[in-house]
Amino acid sequence: MAMMRRRKICRFCENKIYYLDYKDEKMLRRFTNERGKILARRISGNCAIHQRNLTRAVKRARVMAIMAFASESYR
Amino acid sequence: MILYETTFIVNPQSEDAVIEEKVKAISELILSNGGKIVREDRMGTRRLAYPINKLHQGYYATFLHESDKSVLPLLDRHMKLGEEYMRHLTIRFEADPERVYGDKKEDYKAPREITKRKPDSDSKKEPVSETPATEEADSLSETAEIKIVPAAVTETADSASETAEIKIAPAAVTETADGASETAEIKFVPAAVTETADSESETTKIEIVSSTDEAAVKEQKPADEKPEDEEL
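Chains A and B are the protein sequences, given in the same order. For what it's worth, my numbering labels the leading residue of the first sequence as 1, then goes sequentially. For what it's worth, my numbering labels the leading residue of the second sequence as 1001, then goes sequentially.
The shape of chain A in the complex, shown without the other chains (with noise of 0.2 Å):
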């Protein structure tokens, strides 16, 4: 059972979602850790196009004050 692990589908692939915008922070949210990390391709399961637009989106969002740089409690 464990063995049998299915491949991750991309979910923008999924949705065919081409842009991801930076302002949409709930979008954002799902693909970084409490810290605010990115989430690696391999946790999240996106294709390599939208994990590049992703990693684009969320550090703009962290520019404008939309996204943290680093949690509260590790600044």
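One thing to keep in mind: the hints can contain errors.
Capping the alpha-carbon separation at 20 Å, the derived lysine to aspartate or glutamate pairs in DMTMM-like fashion look like this [unchecked claim]:
1) A:16 with B:1094
2) A:26 with B:1015
3) A:23 with B:1041
4) A:23 with B:1040
5) A:37 with A:25
6) B:1024 with B:1084
7) B:1036 with B:1096
8) A:23 with B:1096
Derived coverage of chain B by chain A (criterion: at least 3 residues anywhere in the stretch with Cβ under 8 Å from a Cβ of chain A; other residues may be distant) [stated by the list, open to error]:
9) 1044-1054
10) 1087-1097
These are calculated hints, taken from the structure and not from any lab test. In this text, a Cβ means the ideal position worked out from N, Cα and C, and glycines have one as well.
Given the coordinates of chain A, assemble chain B onto it according to the supplied hints.
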């Protein structure tokens, strides 16, 4: 002409008129340089993810505009000099605006819960009797007014399943628990226990009905039953 998206944060502590003026200034700057505003979006005052200049809130406004690239340095300069602007960012907008802003906003599905699968597969072997039983106990507590009783019931059911030599027994116990949850009558419970001990179950039945304080007593009772089970 290229589609750009300019977002900026205005100091929210300044007066509303000032904020309005600062937002207007940007749109005028765009328009006066031959740009066209496609969309204006104001997120309004919202909490910043981290303090900027010791401020914890900011007034967000966004302009989606078609402009010549010569406007961008002007915008940048204007917002750098204006003290009310806390942050600004202009990006080349490469998506369909309708899909980002409008009603056609792209629907994002929540990620599947990956962790869910593991405990399920594990629980199939051993604690099946525990997890559903507790859930049913919850449903019981919702339907029936007596809360502690079902909890005690599950405890007895568990203890019975532990003592029972045959592993199929817990499944039977949970089924009876289902029946109990549907009818919300406690009398069904002993039926499960009858597999182990008939006479004892009758006594436990009365105790369950009587009051909630005797939950502790009920816990002791199954302990008393255990040795008898071994004898059986």
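Do the hints match the structure? See the list:
In summary, the hint linking residue 16 (chain A) to residue 1094 (chain B) is supported, as the alpha carbons are separated by about 15 Å, within the 20 Å threshold. Between residue 26 (chain A) and residue 1015 (chain B) the alpha-carbon distance is near 29 Å, which puts this suggested pair outside the 20 Å criterion. As the CA atoms of residue 23 (chain A) and residue 1041 (chain B) are separated by approximately 11 Å, the hinted pair is consistent with the 20 Å bound. This hinted pair checks out: residue 23 (chain A) and residue 1040 (chain B) have alpha carbons roughly 14 Å apart, not beyond 20 Å.
Proposed proximity of residue 37 (chain A) and residue 25 (chain A) is supported: the alpha carbons are some 14 Å apart, at most 20 Å. A C-alpha spacing of about 13 Å is found between residue 1024 (chain B) and residue 1084 (chain B), which places the hinted pair at or below 20 Å, so the restraint holds. Distance hint between residue 1036 (chain B) and residue 1096 (chain B) is fulfilled; the C-alpha atoms sit about 16 Å from each other, no more than 20 Å. For a cut-off of 20 Å, the pair hint linking residue 23 (chain A) to residue 1096 (chain B) stands: about 15 Å separates their Cα positions.
Here the segment 1044-1054 of chain B counts 4 residues with a CB under 8 Å from a CB of chain A, which clears the bar of 3, and the coverage holds. Under the rule that three or more residues need a Cβ within less than 8 Å of chain A, the assignment of the segment 1087-1097 of chain B holds, with 6 such residues.
Checked against the numbered hints given earlier, this structure breaks only hint 2.
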